[in-house]
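In order, the protein sequences belong to chains B and H.
Using this note's numbering, the letters of the first sequence map in sequence onto residues 1 to 283.
Using this note's numbering, the letters of the second sequence map in sequence onto residues 1 to 161.
Just so you know, these hints were derived from the structure itself, not from any lab.
C-beta atoms are modelled at their ideal positions from N, C-alpha and C, and glycine is treated no differently.
Among the hints, a few may not be true.
Cut-off 25 Å, straight-line C-alpha distance, at most; resulting in silico cross-link-like pairs (SDA-like, lysine to any residue) [said to hold, decoys possible]: (1) B:K230 <-> H:S58; (2) B:K185 <-> B:E144; (3) B:K96 <-> B:K145; (4) H:K133 <-> B:S254; (5) B:K230 <-> B:K96; (6) B:K230 <-> H:G132; (7) H:K28 <-> H:V76; (8) H:K133 <-> B:N201; (9) H:K106 <-> B:T64; (10) B:K242 <-> H:V76; (11) B:K242 <-> H:F32; (12) B:K185 <-> H:K106; (13) H:K119 <-> H:A25; (14) B:K185 <-> H:I124; (15) B:K233 <-> B:E144; (16) B:K230 <-> H:A25; (17) B:K147 <-> B:P168; (18) B:K230 <-> B:H215; (19) B:K230 <-> H:K133; (20) B:K242 <-> H:K133; (21) B:K242 <-> H:A134; (22) B:K145 <-> B:Y188; (23) B:K185 <-> B:M131; (24) H:K119 <-> H:G132; (25) H:K119 <-> B:N201; (26) H:K106 <-> B:L187; (27) B:K230 <-> B:A23; (28) B:K185 <-> B:A172; (29) H:K119 <-> B:L187; (30) B:K242 <-> B:S108; (31) B:K145 <-> B:A123; (32) H:K133 <-> B:Y188.
Per the computed footprint, the stretches of chain B lying under chain H, defined by three or more beta-carbons under 8 Å from a beta-carbon of chain H, are [what the hints assert, rightly or not]: (33) 187–196; (34) 203–211; (35) 242–251.
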Amino acid sequence: MNYKSWTAIAVLAAAPIAAFADADEDALVVNGEIEMITQAAAPDHLSDVMDEVYSGWRFRSDETQALQMDDFDNPAMIFVDQAMEKWDTAEGTAGKSCADCHGDAEESMAGVRVVYPKWNESAGEVRTLAMQINDCRENQMGAEKWKYTGGSMAAMEALISVQSRGMPVNVATNGPAQSTWEAGKELYYTRTGQLELSCANCHEDNYGNMIRADHLSQGQINGFPVYRLKNTKLNTAHARFKGCVRDTRAETYSPGSPEFIALELYVASRGNGLSVEAPSVRN
Amino acid sequence: MKLKQLKALTLATAFAATGSVAGAAGPKEVQFDEYGAVAASLTGAAGDAANGAIVVGSKSQGNCVACHVVSALADVPFQGEVGPVLDGAGGRWSEAELRGLVANAKMTFDGTVMPAFYKVDGFIRPGDGYTGKAPTEALPPILSAQEIEDVVAFLMTLTEE
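Put together the whole structure using the sequences plus the hints.
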């Protein structure tokens, strides 16, 4: 539809347009075999604010959606292959590779992404996947840490996540992780910057609506890391958070900061029940 | 020229243009009535509706179309739907109400997502525009007094639903 007729419809039907512009009804089956849950009953902790949660995939155009339906078309898969090579490459003073400790990623990493970020008992902290990867690099391999949102990190996250594709996200919000989860929730509802907008203002109050050229989704992270057509690389959740906070004309938090770790746990928990879709494709 | 310098300059010329600062109100001096309306022009002078249309439609200025459809600006692509369609706003609201809405819509609609365009403090983690960094100087309002008056003058022309 061209822009003019779209406006005409918007003007004629200001009320119904929200329904028409909501998550679409498409079903996501990857490679003709992995059935993704892109719509689920909202987790209990969200029952006061929404009935259902949707994957960001449901808000993208048919063309963008198609790229995620087959691994041959998914541009993110190149990075998964690159990470597979790293998985098998010895690095650092210990002369070890990921494979030396974890064997075949397909087996050892299945189900891992589903529960991250999660509480690490011996470290006494909530750990994101990126933190765990860097902990292995530093303390098991004696290798340099990777940049939190850098290409190597994003690719390794994608390799680990892809082993859980189709499994429903299930991060723990209670127990020792609870205070971190609460801190993340607080951030999610804090209106930052000169525009005074919170994550909830866009992704809870206005998902389904257009904000300028963007069709607002629920801001779920079950598809992260995502390949964006806009910058032709894999993007981590913290890089996306940073961009969204910046867009409120705010001073952002840093990727890997305690604030973004807490926010990641909270945002992940808003997607409990949706399939892990990573690496997904977005515009 | 950096945006901030530009803004400062626009503010300065806005004041210069009105001849005197008397009758003009800085962001901290605006008088809202109990319903959020602002009776007096922020510059002490009338706005320019043609420039107001540019401010409303352009991404780097008001970017009002990010959230609102304005049919009169049919050549501006990608108008959003976060807020109500602004067609007819000039009939629904008085000039004073529109000035209040643009200066700080939170005084009219408690808790609204619409940003305040003439406000310089009271923010959580304000940034230097869209850089993501902390500001190094006092924040200018998003729109100058003159720009707000121009936007109000433009909105007053939107009388057709």
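Results for each hint:
no., hint, verdict
1, B:K230 <-> H:S58, "22 Å, holds"
2, B:K185 <-> B:E144, "32 Å, violated"
3, B:K96 <-> B:K145, "15 Å, holds"
4, H:K133 <-> B:S254, "11 Å, holds"
5, B:K230 <-> B:K96, "36 Å, violated"
6, B:K230 <-> H:G132, "19 Å, holds"
7, H:K28 <-> H:V76, "33 Å, violated"
8, H:K133 <-> B:N201, "22 Å, holds"
9, H:K106 <-> B:T64, "37 Å, violated"
10, B:K242 <-> H:V76, "28 Å, violated"
11, B:K242 <-> H:F32, "35 Å, violated"
12, B:K185 <-> H:K106, "23 Å, holds"
13, H:K119 <-> H:A25, "12 Å, holds"
14, B:K185 <-> H:I124, "16 Å, holds"
15, B:K233 <-> B:E144, "22 Å, holds"
16, B:K230 <-> H:A25, "42 Å, violated"
17, B:K147 <-> B:P168, "28 Å, violated"
18, B:K230 <-> B:H215, "15 Å, holds"
19, B:K230 <-> H:K133, "23 Å, holds"
20, B:K242 <-> H:K133, "11 Å, holds"
21, B:K242 <-> H:A134, "14 Å, holds"
22, B:K145 <-> B:Y188, "28 Å, violated"
23, B:K185 <-> B:M131, "20 Å, holds"
24, H:K119 <-> H:G132, "19 Å, holds"
25, H:K119 <-> B:N201, "19 Å, holds"
26, H:K106 <-> B:L187, "21 Å, holds"
27, B:K230 <-> B:A23, "21 Å, holds"
28, B:K185 <-> B:A172, "14 Å, holds"
29, H:K119 <-> B:L187, "23 Å, holds"
30, B:K242 <-> B:S108, "31 Å, violated"
31, B:K145 <-> B:A123, "17 Å, holds"
32, H:K133 <-> B:Y188, "20 Å, holds"
33, 187–196, "holds (count 7)"
34, 203–211, "holds (count 5)"
35, 242–251, "holds (count 8)"
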